[in-house]
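**Student:** Using the hints, build the complex out of the two chains.
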Amino acid sequence: MRALNIGDFEFLLLALRWTIALAALAAVGGGLVGLVIALLRTAPSRAARWAAIGYIRLFQGTPLLLQLFLVFFGGDMLGVPLGAWTSAALGFSLNAGAFLGEIWRGAIQAVPEGQVEAARALGLHYLPRMFRVVLPQALRVAIPPTVGFLVNLIKSTSLAAIIGFVELTRAGQMLNNATFRPFIIFGTVAAIYFFLCWPLTIASGRLERRLGAAYVR
Amino acid sequence: MNYVFHFADIWDAREELLDGTLLTLRLSALSMVLSLFFAVIGAFLRTSGPRPVRTAVAVYVEIIRNTPFLVQIFLIYFGLPTIGLRLDANTGALIALVLNGSAYTIEIVRAGIESISRGQTEAARALGLRGLQIFRLVVLPQALRVVVPPLGSQFILLMLNSSVCSVISADELTAMAQDVQARTFRPFEAFITVTVIYLVLSLLFSGAFAAIERLAFGRKVPAR
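Line by line, the protein sequences are chains A and U. 20 is the number of the first residue of the first sequence in this note's numbering; add one for each residue after it. 6 is the number of the first residue of the second sequence in this note's numbering; add one for each residue after it.
Derived from the structure by calculation, the hints contain no laboratory data. Among these hints, one or two may not hold up.
[Said to hold, decoys possible] Listed next, with one range per pair, are the computed distances between beta-carbon atoms:
#1 U:Ala34 with A:Gln128: 33 to 41 Å
#2 A:Leu146 with U:Val201: 35 to 43 Å
#3 A:Ala62 with U:Tyr65: 26 to 34 Å
#4 U:Val58 with A:Phe30: 34 to 42 Å
#5 A:Met20 with U:Val201: 39 to 47 Å
#6 A:Thr198 with U:Ser122: 38 to 46 Å
#7 U:Tyr65 with A:Thr198: 25 to 33 Å
Built from N, CA and C at the ideal position, the CB exists for glycine as well.
So that you can see chain U by itself, here it is in the shape it has in the complex (with noise of 0.2 Å):
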């Protein structure tokens, strides 16, 4: 082998890697938070709706996790400017992450919430709450204890994920190092770095992940 590597050219695109870096960031914390919001709302339907709305969470489920996302993002970048709604790359690449981030996330809560004994429901309802208070007040509090380490993993792959945001080139990390690599004829530096900067990124939200469990619940989370 008798390549020489070129670090410098990646060394000087470090600002527009770091700006990468920060938006790869904030992409995934929005996406995991709406996801989660939208998740709690689905799985709560899903398990306690009515007949219909159950099927079609269900549905709405099986649909996303069963298509690659990459379809979804081209369906929805694509597809809804067709139908009058314009969209900039860095919000489509939201819309679709959450679309899908959300149907994943809905099963985890709602395995969160089905590990909840009986007891707890019939306790509540003899203590005199409904429907939605015993939802809110008893079930949903100790069902997020339960679902935080998958939720923390699945945080890590909605991020590593958002990578492939960058085919419609929403200016995540991605997308940056094919920039650089398209500017500097190093596609191999550049994509190194940038791999690199993923896994440190993921070890150091699986660490923290972990710390937060054992400091918050007191428990030891078995490594991923």
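Same shape as in the complex, but just chain A (with noise of 0.2 Å):
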């Protein structure tokens, strides 16, 4: 056991870096999973909504740290190992993009049916009426609640710590395991999540009052 040194807590602020880059590429991973899952469940084709429906009920019906470990031994069976990197982007993405995928579907329904008439009187197929026509007046109901999510997502890549991903709370473990100072050290790791988290939260709460009060009129 040795002691604590103010290079344990740049540590600890270097780690970082790795949970923001992991949840922004989760985040762009899921956001395509989701805007395609989001379609699905919208989609005319009961087919299609079936699955979507399907994919969003084992994602969220089932423990994230159990899809990680899936993903991870999943590509060992495979015979194509991947690696903690790879494992952790695709399995949050995966993971993100049912939440996404049933946070745009509520903002796509939300979106007046006399809208998708119009587009589809002026001649629009589905594509353009979809992404010129109702993505964009989905986007506005969408934003609040996706910011929400963010928080999510960011808190749950601490999950990656156990398929030996060294992020955030890793590099806390790792630091606990040589100084023993568990109040001090997850104390910190859980001050740096706070203060990555919290201004989203209130973001997404200000975001939704002012949704809410374009609404009103």
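**Tutor:** Listed below in structure tokens is the structure:
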């Protein structure tokens, strides 16, 4: 056991980069998956809607930790060892896709039916109808809950520590193993997460109130 | 893909997995009941306590909701023994789940309380009821009825979250899967089996909550 020093806190702050990088990667990957899921979930075809519902149920009905394990060991099983980085990025993207898909489905369904009918009357096909008429309007409704979800995403990247990915939580664990000062180390780790997440929580609440006010008139 | 699945090893460990499933259910049910108990107190203090208490509850909720559950477990399980509170893994898991679950449940119950119209409180006061009586007899029963569906979802979230307790080796389902895979070298089979168990549990519970809701309150619940 050794004493804590200033360098250890720098070590934690540096590990924060990987938490942010992983969250950003998962937000982009999850955004792409989520867009597909949201479009399938609101598609005219019943089979597409059921496929999306199945995907969402699967990822929202099982623990994220096990999803990460399955991606991690699933790669080994298929003969392509993925390593901690790829497994984490892939696992979080697939999971975030289910949650974002469900959030954005709500936003798409909040766009008045008349908009879709008008676009159809103007002769717009499915893709231009969605991308030029429905989605831009859905965006307004989607932003507050999406920002709120980012908080969840950042917090959940801590689980990557369990599959050996060195980010903030894993760095804290390593430091604790060396110095055994759990309160100060995990307290600092928690504080770093808090100051990363809290502004997003506040922003999400504000955006939601502003959006609410816009709809009340 | 030329991988050969070996589920026989997993089948041999069925009793261990069953024990893990039961502990997951006990841990989740107990944490949910305790969370709800603390949440009712917390939500009362948050809505009608004196100002410093209201702020304290709000700060607690914000801290818990803006930090990862995994870090909270580490703080409790590794931190408490350093101030002389020895915990076994299952107790540590329970404390962490209750501390975490209470914060989310306080917000749910608070939303329920705030959805009850002021007229109810005013009428109760006109009938001569006092502060805590109004809360206990008028506001709380109506609020709890409103929050049954979100509490159901919260229970399922809590159950799925309890898998994180495997890091401190509480003997719940995910930790059992870890044991089985370490012994049999069949990680994929062990984890997929346990994932299916969680999926079945969460589908069963969401079905059961929807049925209870329909039978007890006679209203249709929109699908989760």
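**Student:** For this structure, which hints from the list above don't hold up?
**Tutor:** Failing hints, ascending: 3 and 6.
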